[in-house]
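**Student:** Protein sequences, first through last, are from chains C and B. Quick note on my numbering: the first sequence kicks off at 9 and runs consecutively. Quick note on my numbering: the second sequence kicks off at 61 and runs consecutively.
For the record, the hints were derived by calculation from the structure and aren't laboratory data. Here a beta-carbon is modelled for each residue, glycine too, at the ideal position from N, C-alpha and C. Some hints here could point you the wrong way.
Stated by the list, open to error - Below, in silico cross-link-like pairs of lysine-lysine (DSBU-like), each with a Cα-Cα straight-line distance of 35 Å or less:
#: 1; chain 1: B; residue 1: LYS154; chain 2: C; residue 2: LYS20
#: 2; chain 1: C; residue 1: LYS37; chain 2: B; residue 2: LYS226
#: 3; chain 1: B; residue 1: LYS162; chain 2: B; residue 2: LYS189
#: 4; chain 1: B; residue 1: LYS76; chain 2: C; residue 2: LYS20
#: 5; chain 1: B; residue 1: LYS185; chain 2: C; residue 2: LYS20
#: 6; chain 1: B; residue 1: LYS189; chain 2: B; residue 2: LYS226
#: 7; chain 1: B; residue 1: LYS185; chain 2: B; residue 2: LYS154
#: 8; chain 1: B; residue 1: LYS185; chain 2: B; residue 2: LYS162
#: 9; chain 1: B; residue 1: LYS154; chain 2: B; residue 2: LYS189
#: 10; chain 1: B; residue 1: LYS154; chain 2: B; residue 2: LYS76
#: 11; chain 1: B; residue 1: LYS226; chain 2: B; residue 2: LYS185
#: 12; chain 1: C; residue 1: LYS37; chain 2: C; residue 2: LYS20
Unchecked claim - On the chain B side, residues computed to face chain C include the following (Cβ under 10 Å):
#: 13; residue: GLY90
#: 14; residue: ILE92
#: 15; residue: ARG225
#: 16; residue: LYS226
#: 17; residue: GLU227
#: 18; residue: GLN230
#: 19; residue: SER231
#: 20; residue: LEU232
#: 21; residue: GLY234
#: 22; residue: GLU238
#: 23; residue: GLY240
#: 24; residue: ASP252
#: 25; residue: ARG255
#: 26; residue: CYS257
#: 27; residue: ASP258
To be verified - Here are the computed distance ranges between Cβ atoms for each label pair:
#: 28; chain 1: C; residue 1: ARG59; chain 2: B; residue 2: SER161; range: 42 to 52 Å
#: 29; chain 1: C; residue 1: ILE94; chain 2: B; residue 2: ALA177; range: 48 to 58 Å
#: 30; chain 1: C; residue 1: GLU99; chain 2: B; residue 2: LYS189; range: 52 to 62 Å
#: 31; chain 1: B; residue 1: LYS76; chain 2: C; residue 2: GLU45; range: 50 to 60 Å
#: 32; chain 1: B; residue 1: SER169; chain 2: C; residue 2: VAL54; range: 28 to 38 Å
#: 33; chain 1: C; residue 1: ARG59; chain 2: B; residue 2: LYS185; range: 43 to 53 Å
#: 34; chain 1: C; residue 1: MET78; chain 2: B; residue 2: ASP144; range: 38 to 48 Å
#: 35; chain 1: C; residue 1: ARG95; chain 2: B; residue 2: SER299; range: 25 to 35 Å
#: 36; chain 1: C; residue 1: GLU45; chain 2: B; residue 2: TYR148; range: 44 to 54 Å
#: 37; chain 1: C; residue 1: LEU97; chain 2: B; residue 2: ASP144; range: 53 to 63 Å
#: 38; chain 1: B; residue 1: THR311; chain 2: C; residue 2: LEU47; range: 37 to 47 Å
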Amino acid sequence: MGLLSPGDQLPKVRDVAQSLAINPNTVLKAYRELEIEGLAEGRPGVGTFIRQGVARASMPNRAQLREDLMAWLKRAQDDGLTRDDIRALVETTMRAGFKQG
Amino acid sequence: MDTVLEASQLGKRYAKQWALRECSLRLPAGRIAALVGPNGAGKSTLLHMAVGLLRPDAGSIRIFGQDPHDNTAVLAGIGFVAQDTPLYGDFTAKELITAGSKINRRWDSELVRQRLAQVGIPLGKAVGKLSGGQRAQVALALALAKRPRLLLLDEPAASLDPLARKEFLQSLMGSVAESGTSVLLSSHLLADLERVCDYVIVLNSGRVRLADAVDDLIGEHKRLVGPRHPGTPVAGVRSVVRASHTDRQSTLLVRTAGEIDDPNWTVHDVTLEDVVLAHLTEAEVDVDAMEVAA
Chain C
9 MGLLSPGDQL
19 PKVRDVAQSL
29 AINPNTVLKA
39 YRELEIEGLA
49 EGRPGVGTFI
59 RQGVARASMP
69 NRAQLREDLM
79 AWLKRAQDDG
89 LTRDDIRALV
99 ETTMRAGFKQ
109 G
Chain B
61 MDTVLEASQL
71 GKRYAKQWAL
81 RECSLRLPAG
91 RIAALVGPNG
101 AGKSTLLHMA
111 VGLLRPDAGS
121 IRIFGQDPHD
131 NTAVLAGIGF
141 VAQDTPLYGD
151 FTAKELITAG
161 SKINRRWDSE
171 LVRQRLAQVG
181 IPLGKAVGKL
191 SGGQRAQVAL
201 ALALAKRPRL
211 LLLDEPAASL
221 DPLARKEFLQ
231 SLMGSVAESG
241 TSVLLSSHLL
251 ADLERVCDYV
261 IVLNSGRVRL
271 ADAVDDLIGE
281 HKRLVGPRHP
291 GTPVAGVRSV
301 VRASHTDRQS
311 TLLVRTAGEI
321 DDPNWTVHDV
331 TLEDVVLAHL
341 TEAEVDVDAM
351 EVAA
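Chain B extracted, bound-state conformation (with noise of 0.2 Å):
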């Protein structure tokens, strides 16, 4: 299967302070995929370094391939939404139209009028006075009129109301049936994503903690409930990601591999919000584990 974005070894520091260390991943392409952490994970500055604006400290990234720093043929495939879509707010919709269509390549203005007209956005207003949707809806059309082969978006839906939020996503969701085109967007809303994604990358502390298919995820992962667990192997269990215990009752989110047959675990099903939340615990628990060691 192609792939659009590759990381290996990826690292990227500042001053002393690694934001991203070893980061290694691969996004099939024609997914659509989360980028999910605590702030200060890395999300930013992986993607950052996707579109070329941050050059890595060690290790690299390719996008179809190549490195896409100062590399023009790979940018013009990328469309790019950073944080709290920044746009120039003096400038109407109409008047960013043709800056995009000056300045790139490949650039279809209709596509984007038509989308703004579909969700009512005036073309003639200031994008500086628009609503925080709307201005939202503007940035995801104006980076899809270059049809981009890869879309990134940087916590696209974050500071947006919930009916907001939802229009953004159908827009979103509706582009993308139609053009194809591969997904990577951070965030930190769980609840959405998984209706909206089937590929999920967890970032904690600089690290990749999970990068999977959510399909898999979902069916590999599986809560057990049984009396007090003394920490031996359980027959179909890969590994134990978190577990909690009371007095008499362990609750293990585990990963399995194949059926679990033992009668005494009950065994439950789990959304992506478990599996990503309990990774994300997991992390915490490693990171005090080696504080302690030091």
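Isolated chain C (complex conformation) (with noise of 0.2 Å):
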């Protein structure tokens, strides 16, 4: 669908089932979802609209958790953890501390 930038009009639901060929349940489904999480808003009778882009309010901080995230790989590295054991690793540390959350 290419970038979009705040006040651009998404494609029409027909547009995107077809060129997709996917369901246009699931178009609306997923334009729904960008509203609700405020990043568009539909117009009735006109079509969905951009709010506001991505990647802004949390951005700082998620800087922060990059560089501490980048740490934390190099010392992994360091130990001799492969790529497939760093994966390992993660997924089961975050299953076990989600299901504490």
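Could you fit the two chains together into a complex? Lean on the hints.
**Tutor:** This is the structure:
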């Protein structure tokens, strides 16, 4: 679908369904999720429009988290963990962590 | 919610063989439903009864709440494309449009012309000389000219090459988005279905194995991997659809009834294809068990 900026109109449901050969209800659902997240707004009888960009509010602290993660990754590599080891460790930790939370 | 198709204890027999048996299901309006099953499962039989070409030997089928057999009010609201998209090969698309306009009460010739122009199909060429993909497009456009409330397609894309199949599904999704028609399409091409369908009916050996909304099915089914399972109940599992074991490990495809918290099991999401295949093989197990018992 390409890149869209605030104020841009999302393509019509029919056009998306046709070009991607997917169920129109799926497209509608995706648009509704964008509305719920506040990224887009529907204007009845006109279409759906972008309200704001994706990466703004949460980006500053995300940069810090990313930095921490990079440092952790480096330590893991120094300890001799392979790419698959790291992935497995992250996944098991996430499962355990989210269960508690 | 409105129901477009309802079968109740529906059965059809050819000689002594039941092609469809005790088939009960309800298709809500506004869905794009897949009718899935191996060859000989009863898919075409069900579709032919839905359009009144066959009469049930047991139970009933209702379309928009009425018996479709010999019922012009109902049939005017159904678009049907039979298997291998049969069309009069010597007719041109233009002639087929004219024929359709003479034999149908409601008919939108302009819509067919537009659709065929969009996909670049010549109106003046005998349809027998078109490619398989083009013929399928002509059949679809003609079925939509009735502006049907329910569109029934029997294996519409089975014989098409991958590109023609994609183009066919594009046309279908585009027109469904525009018209809001309910669709029931039979297919054994599972890979296409997850993108296209939001409801699935699984038939095997003449019986309904599954009939549900795709979102619910994918949400409720999980694949569990863990240490070899002795067959005891797992908390949060409603039923085990299929189980396979190695010496140390078991893999279960289950229908859940809530969160699975057991730390012994790793829980994986499944695709529609996984769910359908699991229910088809489950059915085979049943059949084997019955034969042994007999």
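**Student:** Each hint: holds or not?
**Tutor:** Results of checking the hints against the structure:
As the CA atoms of LYS154 (chain B) and LYS20 (chain C) are separated by approximately 30 Å, the hinted pair is consistent with the 35 Å bound. Between the alpha carbons of LYS37 (chain C) and LYS226 (chain B) the distance comes to roughly 22 Å, so the proposed pair stays at or under 35 Å and holds. Distance hint between LYS162 (chain B) and LYS189 (chain B) is fulfilled; the C-alpha atoms sit about 24 Å from each other, no more than 35 Å. The suggested pairing of LYS76 (chain B) with LYS20 (chain C) is violated, with an alpha-carbon distance near 52 Å, which exceeds 35 Å.
With a C-alpha separation of about 33 Å, the suggested pair LYS185 (chain B) and LYS20 (chain C) falls inside the 35 Å cut-off, and the hint holds. As the CA atoms of LYS189 (chain B) and LYS226 (chain B) are separated by approximately 21 Å, the hinted pair is consistent with the 35 Å bound. About 8 Å separates the Cα atoms of LYS185 (chain B) and LYS154 (chain B), which keeps this hinted pair within 35 Å; it holds. For the given pair, LYS185 (chain B) sits about 20 Å from LYS162 (chain B) by alpha-carbon distance, which is consistent with the 35 Å threshold.
About 14 Å separates the Cα atoms of LYS154 (chain B) and LYS189 (chain B), which keeps this hinted pair within 35 Å; it holds. In summary, the hint linking LYS154 (chain B) to LYS76 (chain B) is not supported, as the alpha carbons are separated by about 44 Å, beyond the 35 Å threshold. Distance restraint check for LYS226 (chain B) and LYS185 (chain B): the Cα-Cα separation of roughly 23 Å lies within the 35 Å cut-off, and the hinted pair is therefore satisfied. Between LYS37 (chain C) and LYS20 (chain C), the direct Cα distance comes to roughly 13 Å. Compliance with the 35 Å bound is thereby established for this hinted pair.
Because the closest C-beta pair between GLY90 (chain B) and chain C is about 8 Å apart, less than 10 Å, the hint holds. Taking 10 Å as the C-beta cut-off, the interface hint given for ILE92 (chain B) holds, the closest approach to chain C being about 6 Å. Given the 10 Å rule on beta carbons, the hint for ARG225 (chain B) holds: about 9 Å separates it from the nearest Cβ of chain C. A distance limit of 10 Å between C-beta atoms decides the matter here; for LYS226 (chain B) the minimum to chain C is near 6 Å, and the interface restraint holds.
Because the closest C-beta pair between GLU227 (chain B) and chain C is about 8 Å apart, less than 10 Å, the hint holds. For the restraint placing GLN230 (chain B) at the interface with chain C, the shortest Cβ-Cβ distance is roughly 5 Å, inside the 10 Å limit, so the hint holds. Taken as an interface hint, SER231 (chain B) checks out: its beta carbon lies about 7 Å from the nearest beta carbon of chain C, inside 10 Å. Here the hint on LEU232 (chain B) is kept, as its CB sits about 8 Å from the closest CB of chain C, short of 10 Å.
Given hint, GLY234 (chain B) at the interface with chain C, holds; its Cβ is 3 Å from that chain's nearest Cβ, closer than 10 Å. Because the closest C-beta pair between GLU238 (chain B) and chain C is about 5 Å apart, less than 10 Å, the hint holds. Taking 10 Å as the C-beta cut-off, the interface hint given for GLY240 (chain B) holds, the closest approach to chain C being about 9 Å. At about 8 Å, the closest approach between the beta carbon of ASP252 (chain B) and any beta carbon in chain C falls short of 10 Å, and the interface hint on this residue holds.
Annotation: ARG255 (chain B) was flagged as interfacial toward chain C, and the flag holds, the nearest CB pair being 5 Å apart, inside 10 Å. The interface hint given for CYS257 (chain B) is met, as the beta carbon of that residue sits about 7 Å from the closest beta carbon of chain C, less than 10 Å. Below 10 Å, beta-carbon pairs count as interface contacts, and ASP258 (chain B) has one with chain C at about 5 Å; its hint therefore holds. Between ARG59 (chain C) and SER161 (chain B), the C-beta spacing of about 47 Å keeps the proposed range 42 to 52 Å intact.
Evaluation of the 48 to 58 Å hint for ILE94 (chain C) and ALA177 (chain B) yields a pass: the beta carbon distance comes to about 55 Å. Between GLU99 (chain C) and LYS189 (chain B) the C-beta distance comes to about 57 Å, which sits within the given range of 52 to 62 Å. At roughly 59 Å, the beta-carbon separation of LYS76 (chain B) and GLU45 (chain C) lies within the given 50 to 60 Å, and the hint holds. Checked against the given bound of 28 to 38 Å, the beta carbons of SER169 (chain B) and VAL54 (chain C), roughly 31 Å apart, stay inside it.
Checking the proposed 43 to 53 Å range against ARG59 (chain C) and LYS185 (chain B) shows it holds: the Cβ atoms sit about 49 Å from each other. Against the hinted window of 38 to 48 Å, the Cβ-Cβ separation of MET78 (chain C) and ASP144 (chain B) comes to about 59 Å, which falls outside the hint. The given range of 25 to 35 Å is respected by ARG95 (chain C) and SER299 (chain B), whose C-beta atoms sit roughly 32 Å from each other. In this structure the supplied range 44 to 54 Å holds for GLU45 (chain C) paired with TYR148 (chain B), their Cβ-Cβ distance being about 52 Å.
Hint check: LEU97 (chain C) to ASP144 (chain B), Cβ distance near 54 Å, so the stated range 53 to 63 Å holds. Here the CB-CB span from THR311 (chain B) to LEU47 (chain C) is close to 38 Å, well matched to the stated 37 to 47 Å.
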